[in-house]
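Protein sequence lines, in the order shown, are assigned to chains R and C. According to the numbering used here, the first sequence holds residues 7 to 108 in order. According to the numbering used here, the second sequence holds residues 160 to 252 in order.
Hints listed in this document are in silico derivations from the structure and should not be mistaken for laboratory results. By construction, the Cβ of each residue, glycine as well, lies at the ideal position given by its N, Cα and C atoms.
Here are the simulated DSBU-like cross-link-like pairs (lysine-lysine), alpha carbons at most 30 Å apart as the crow flies: (1) 243/C x 101/R; (2) 240/C x 58/R; (3) 101/R x 58/R; (4) 243/C x 58/R; (5) 58/R x 28/R; (6) 240/C x 79/R.
Some chain C residues judged to face chain R by a derived CB distance under 10 Å, without partners named: (7) 163; (8) 194; (9) 235.
One-letter residues, chain by chain:
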Amino acid sequence: MDNMRSVGTLTRADLAETINRKMGFSRAESLSMVESILEKMCQALSDGENVKISGFGSFVLRDKTERIGRNPKTGVEVPITPRRVMTFRGSQKLKDRIAAGS
Amino acid sequence: MIRSELLQSLADDNPELRPEEIEQVVDIFFDEISTRLAEGGRVELRGFGAFSTRQRDGRTGRNPRTGASVEVPPKRVPYFKPGKEMRERLNTN
Chain R
7 MDNMRSVGTL TRADLAETIN RKMGFSRAES LSMVESILEK MCQALSDGEN VKISGFGSFV
67 LRDKTERIGR NPKTGVEVPI TPRRVMTFRG SQKLKDRIAA GS
Chain C
160 MIRSELLQSL ADDNPELRPE EIEQVVDIFF DEISTRLAEG GRVELRGFGA FSTRQRDGRT
220 GRNPRTGASV EVPPKRVPYF KPGKEMRERL NTN
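Excised from the complex, chain C in its bound form (with noise of 0.2 Å):
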């Protein structure tokens, strides 16, 4: 499912909706825990899952193509748990 697809179904189940009203509501759903997460706050949504971030130490990599070694800064990463129900659901079926 893509984010069309989504806003396509979602379109279908409210049909009292405005299409530009929808996207605007799924914008806001995934800018809100963009922001909440760049802020570097938590994200808990009981069921299906929570997002955080995690620190990454920086490294020494290299350039796969020129074998060149670069400095790669330490930095924060997205993180993802899946809630119980959430994994339980992957293996119902």
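The following block holds chain R by itself, in its conformation from the complex (with noise of 0.2 Å):
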């Protein structure tokens, strides 16, 4: 397909270059908005609180409980620790855009 053409990872340097491209901020103030942002959502998942962006997606928490794995070299069983683990659902606009390819 036409519109996989390959593009390369996109990093924080790149959302703040973005912000100071479009909003006049300087660079610092632009990475700083950034790594704001993201502090802001990890901040609430640790509390426990899911995060839902409209138009983006959702961020969901999950608890998972203690089950039994295997080493899968050794096949030595091992109990796996009840965790919480974050998973991503996206939203019906960003899955029609990715779906689109633009």
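Starting from two chains that each stand alone, build the complex the way the hints lay out.
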């Protein structure tokens, strides 16, 4: 498919660069806004709150109970401790954009 | 936390910025990520996690209400893998 051209990986620096260009904030200020957004989301999640960004998607916490795993190399059974994990569910808008490739 | 709470929290920390500016910054942030994924690229935010897309094969699905079978075409879907630091933070406290 044409729209599957290879594009690079987007990073914090790229996000800051776009904020700098579109908003006229300094580079430092732009990077600090990127960090703040991520930190706010991290903080809410580590406080046990789901994060829902309309038009983008939801980060949902799930609590996993203990289960027995196996070391695939040695076959030895080891308990996998109960833990909290986060999953991402893209919004319909995001899913539509990705499916359409634009 | 929902989008409006994120905006409010950022506004509280950045009294020098107008609420509209904060909203524009947050929109740019999520739009840029969405656009890169739509273009088939990846987004890597160290510590938080990485967004990418995965190919789903087409399949024959069923309308759960009518039972009629429908062809679901192959498509790309969003995927997120939490970063190591994020996974650890979820499990401390």
